[in-house]
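Chain by chain, the residues run as shown.
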Amino acid sequence: MIFDLFKETIWSLTGNKVRSALTMLGIIIGIASVIAMVAIGQGAQNSIAQNIQSLGSNLIIVMPGSQQGGGISQGRGSAQTLTREDATALGTLPDVQAVAPEISRRYQVTAGGNNTNTQVDGSLPSYMQVRNVQIDLGSFFTDQQVQSGAKVAVLGPTARDDLFGADANPVGASVHINNVAFTVIGVTVSKGGSGFNNPDDYIYVPITADQYYLAGANANYVSDISVAATSSDTIATAQQEVTDLLLQRHKITDPTAADFSILNQSDIISAASSVTGTFTTLLASIAGISLLVGGIGIMNMMLTTVTERTREIGLRKAVGIRKIYINLQFLAEAVVLTFLGGAIGILLGWITSIVASRLLNMTTVVSPSAVFLAFGVSAAIGIIFGFYPARRAAALSPIEALRYE
Amino acid sequence: MIECNDLVKIYRNGDVETKALKGVSFKIEEGEFVAIIGPSGSGKSTLMHILGALDTPTSGKYVLDSHEVSRLNDDQLSDIRRNKIGFVFQAFNLLPRTTVLRNVMLPLLYSDTSAKEREQRARESLHYAGMDEDKINNLSNQLSGGQMQRVAIARALINNPAIILADEPTGNLDTKTSQIVMQTFRELNDKGHTIVLITHETDIAKFSDRIISIRDGVIESDVRNGRKNTVVQKTKQ
Numbered sequence: 210m211i212f213d214l215f216k217e218t219i220w221s222l223t224g225n226k227v228r229s230a231l232t233m234l235g236i237i238i239g240i241a242s243v244i245a246m247v248a249i250g251q252g253a254q255n256s257i258a259q260n261i262q263s264l265g266s267n268l269i270i271v272m273p274g275s276q277q278g279g280g281i282s283q284g285r286g287s288a289q290t291l292t293r294e295d296a297t298a299l300g301t302l303p304d305v306q307a308v309a310p311e312i313s314r315r316y317q318v319t320a321g322g323n324n325t326n327t328q329v330d331g332s333l334p335s336y337m338q339v340r341n342v343q344i345d346l347g348s349f350f351t352d353q354q355v356q357s358g359a360k361v362a363v364l365g366p367t368a369r370d371d372l373f374g375a376d377a378n379p380v381g382a383s384v385h386i387n388n389v390a391f392t393v394i395g396v397t398v399s400k401g402g403s404g405f406n407n408p409d410d411y412i413y414v415p416i417t418a419d420q421y422y423l424a425g426a427n428a429n430y431v432s433d434i435s436v437a438a439t440s441s442d443t444i445a446t447a448q449q450e451v452t453d454l455l456l457q458r459h460k461i462t463d464p465t466a467a468d469f470s471i472l473n474q475s476d477i478i479s480a481a482s483s484v485t486g487t488f489t490t491l492l493a494s495i496a497g498i499s500l501l502v503g504g505i506g507i508m509n510m511m512l513t514t515v516t517e518r519t520r521e522i523g524l525r526k527a528v529g530i531r532k533i534y535i536n537l538q539f540l541a542e543a544v545v546l547t548f549l550g551g552a553i554g555i556l557l558g559w560i561t562s563i564v565a566s567r568l569l570n571m572t573t574v575v576s577p578s579a580v581f582l583a584f585g586v587s588a589a590i591g592i593i594f595g596f597y598p599a600r601r602a603a604a605l606s607p608i609e610a611l612r613y614e
Numbered sequence: 466m467i468e469c470n471d472l473v474k475i476y477r478n479g480d481v482e483t484k485a486l487k488g489v490s491f492k493i494e495e496g497e498f499v500a501i502i503g504p505s506g507s508g509k510s511t512l513m514h515i516l517g518a519l520d521t522p523t524s525g526k527y528v529l530d531s532h533e534v535s536r537l538n539d540d541q542l543s544d545i546r547r548n549k550i551g552f553v554f555q556a557f558n559l560l561p562r563t564t565v566l567r568n569v570m571l572p573l574l575y576s577d578t579s580a581k582e583r584e585q586r587a588r589e590s591l592h593y594a595g596m597d598e599d600k601i602n603n604l605s606n607q608l609s610g611g612q613m614q615r616v617a618i619a620r621a622l623i624n625n626p627a628i629i630l631a632d633e634p635t636g637n638l639d640t641k642t643s644q645i646v647m648q649t650f651r652e653l654n655d656k657g658h659t660i661v662l663i664t665h666e667t668d669i670a671k672f673s674d675r676i677i678s679i680r681d682g683v684i685e686s687d688v689r690n691g692r693k694n695t696v697v698q699k700t701k702q
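Line by line, the protein sequences are chains A and B.
Our numbering puts the first residue of the first sequence at 210, with every later residue one more than the last.
Our numbering puts the first residue of the second sequence at 466, with every later residue one more than the last.
Derived from the structure by calculation, the hints contain no laboratory data.
Hints are supplied without guarantee of correctness; some may be wrong.
With a straight-line cut-off of 27 Å between C-alpha atoms, the simulated BS3-like cross-links for lysine-lysine are [what the hints assert, rightly or not]:
hint, chain 1, residue 1, chain 2, residue 2
1, B, LYS492, B, LYS671
2, B, LYS526, B, LYS487
3, B, LYS671, B, LYS549
4, B, LYS600, A, LYS226
5, B, LYS641, B, LYS671
6, B, LYS600, B, LYS656
7, B, LYS484, B, LYS526
8, A, LYS532, B, LYS549
9, B, LYS581, B, LYS656
10, B, LYS526, B, LYS549
11, B, LYS526, A, LYS532
12, A, LYS216, B, LYS581
13, A, LYS216, B, LYS549
14, B, LYS600, A, LYS216
15, B, LYS656, B, LYS641
16, A, LYS226, A, LYS216
17, B, LYS581, A, LYS532
18, A, LYS360, A, LYS400
19, B, LYS600, B, LYS581
20, B, LYS656, B, LYS492
21, B, LYS641, B, LYS600
Model the full structure from these sequences, guided by the hints.
Structure representation (C-alpha cells):
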C-alpha cells in the first residue's frame, strides 16, 4: 500500500511535468531569495563587527580634552593633559587588563629613494594586545627596547609597501623618520581598510625613542591612552574607574569639567550595529515580500491544480478508492513538491550567496534560521494549500466531484 | 441480486425541495441485462447514483448482493463500489495522460493484489472488452472515443463486479461505435455478467432484455422482452 502511494505520487507528478515544475518554481524562488538576502545582510553585519573588533578587544580610548585659549576652543584632543604617569596609574586599576599610551604624529619618512608621509605611533609593547596588532614579519619591540629607547620601528603593511615596495621584507633595513634613522624590526598583519586613517598606514616605535628623538618639546604628554578592560562585561566599570582615577589625579571635582574624554568600543559597535541592523531589516523585509509572493504563487498553483483535479478525485472515489488514500496521495504530492522545491531552493540560495560574495567582494553568511524560516513557510503553504482543498474534494460525493467544472 | 424498496430521494437546495425519486421499487436478478430508460429530469440518473452506491436514498431500502447499501457510511460505500460495481460513464472518465494499463488497474490500487496479478487481470479485462493488446501502453488521451469506452469497460470488469452499471455509455459516441460498444455489453451479458444500462435512447435500450421506464420519479413501465431484441412499444409516447 505504501508502495502504491509512492508510485501514484511519482506518476502523478511526472505525468504533468509542467504543472509540477511551475509549482516548485514558486517554492524555489521564495526560499532562494530569502536565504540569499539574509545571507548578504548578515554577512555585511558580521564584516562590520569584525572591522570594529580588529581595533582591539574591550577597548577604551582616553583622549585629552580641548585646549582653551582666549575663549577659543581648539577642538577635542588638542589639549596636553594626559601623561605617561597617568597611563601607568591606570594600569593598576582592577578591571583594566592592559594600558598603552600613545604619542601619535605624522612625519615625513624616507627609506632609500622612497618617501612617504605617515602616522608614527610611539607606544609600548602592550599596544599589540590593546589594539589587536599582529606581527607578520620580524617582531614588535620589547619592554627592554622601550627602556633603552632603542631606535627601532615596526611598519604597517601600507607603510612598508610605500617605502620598500609591495610584499618586500624590510626587516633589518633602516628608515629615516624626520631625519632620524630607525631600524625596521617587524611588519604587522594587515587589518584591512583604506583611505583616511588607514590602520595599515602606520609606523610603531618605542614611546621612549619617540620622546627623545621625535616629540621634542611635547615629550611629556601623550596623544591618547588605550585601555583594555578585562572582559566585555567589565568595560562599563573599567570606564568608570578610569574616569574616577583621572579626575582624582587631575584634581578635578566636577566631572563635567573633565580635561579628557573617553570613548569605548561598545559605543562604536552599537552605533555601527544600529546601521547594519537597519540594513539587515531592509533586506529581510525584501526577502519577506519575496517569500510572501512566492507563497501566493505556491498557493495559486496548488489551488488551481486541485480544482483541475477534482474530477480525478471524483473518479478515484467512484471506482471505490477510500477517502483516506486520496487524501494521503495529495498530501504526499504536496510534501514531495515542497521538499524537492525546498531542497533546490536552499541549494540555489546558497549558491547565490556564494556568487554574491565573489562578485561583490563581501562576506555572506547563510544563517540556519533563515533557511528554516524560508523552508518552513513555503512548506507550510505548499502542504496546506495542496492538501486542504484535496481533502475537501475527497469529502465531496463522487458525483459532485465528477461534475465539477 | 438487486432489491429496491420504495426508494425516495429528495434534493434540498436552500428552501427548494426537489423530489427526484418518489418511491421506486424493483428487483434485478443475477445475469439480467436491464435498461433503465427515461427522458432527462425523470430521475433515472438519481436512480443510477443510488444503484451505483455513489449516493444514498433519503428513504427506502436498497440491497445489493445481500448488503444493505442505504445504511452504509462513506468508506463502506467506497468498498461496495470497488468490490461489487463496475462503472462505465458517458464521459469515459479515464485518468488523463495515463497509460491504458494504469487506467484499467486503478480500482486495484491500495489492494493486496500483487503488481504482477494486477497487470495480468488488466490484460484479461482489456482482452475481454475487445481492446487491442498493442495499445496497452498508449496514453488515454491518444485513444479514440470507442477505444476509451472499451478501456472504461475493462476497468469496470477488473474486480469481477456483481453488476456493471453503464450510464449513457454511448452518449459521446457515433452510431457505428455505439453499436460496437453495445455489442460488447451484449457479449458480456451472454457470459453471465449482470448489466444495468441507463439511457434515454430507445435504440440503445433495445440491446437489453428488460426495460424499466421512469418518468417524474416513478416507474412507468417494466417490460421483459425475452432474449430477442424486440422493440418495446410502450416506452415512447
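Discussion item. Could you work out which of the previously given hints the structure breaks and list their numbers from low to high?
Written reply: No numbers; nothing is violated.
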